[in-house]
Amino acid sequence: MRAAKGVWAWRHNPLRRATDLFEAWVALIAALLLFTAAPAAGWATGSLTDESLRQAVRNQRQQRHPVTATVLKPAPAPKPAAYDPESSAAHEKRRPIIAKWTAVDGSRHTGTVSTVLRTARAGDTFTIWTDRAGRVVSRPMDAATARVHAVLAGIGAALTAAGLIACARRLIVRRLVRRRYARLDQAWAAAGPDWGRTGAGS
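99 is the number that our numbering gives to position 99 of the sequence shown; each next residue is one higher, with no gaps.
Some hints could be false.
Each pair of labels, with its calculated beta carbon distance range [stated by the list, open to error]:
(1) A37 / R94: 26 to 36 Å
(2) A144 / L32: 33 to 43 Å
(3) P39 / R170: 17 to 27 Å
(4) W188 / V148: 53 to 63 Å
(5) T102 / D142: 50 to 60 Å
Straight-line C-alpha distance at most 16 Å; calculated EDC-like pairs for lysine to aspartate or glutamate [what the hints assert, rightly or not]:
(6) K73 / E51
(7) K73 / D124
(8) K100 / D131
The hints are simulated quantities; they were obtained by calculation from the structure and are not laboratory data. Idealized CB from N, CA, C, for every residue including glycine.
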């Protein structure tokens, strides 16, 4: 509203400069873009990301399968090359063990996997995710997580678009201000020698 009032106020003002009206129009266009283009960019990005992630979820659900693994024995914990607090915390939650499992295609496998079992004793069972050939894979993404990622992508795109619009407006206004000062310097230089002299014809 302020930008629209600025355009209307400068229409018939006798002190109006061409740059004043142009700046008001720039502010009005920037405001319209902030309320239309930025949300549209966010919505489009969020929708495309949501569709892409939903397809990824469908593919993962088709390609990854939960199977039951049986604990054979604990696996020796690998020694970290350097201290890493994050990796140390992760190792406290998941423990490597040697287990066996049967894949969807019927093939039998044995290998080292990680589990959240506090006490992994021989014969204990737990669920792991594998592909059809029996290779261990990560758990497929769920629909709720995909939706959160899509929403965050849309918000990020909207904020980015709004930031670009605001920066473009600031750059244009800065150039207008520089042009005003340049014209003021030219006018001052032209009137300066006779400024304030009575009868100088200024």
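Now for the hints, and whether the structure bears them out:
1. A37 / R94: 26 to 36 Å: Violated: the Cβ-Cβ distance is about 46 Å, outside 26 to 36 Å.
2. A144 / L32: 33 to 43 Å: holds (35 Å)
3. P39 / R170: 17 to 27 Å: For P39 and R170 the Cβ distance comes to about 21 Å; the hint holds.
4. W188 / V148: 53 to 63 Å: holds (59 Å)
5. T102 / D142: 50 to 60 Å: violated (25 Å)
6. K73 / E51: violated (43 Å)
7. K73 / D124: holds (10 Å)
8. K100 / D131: holds (15 Å)
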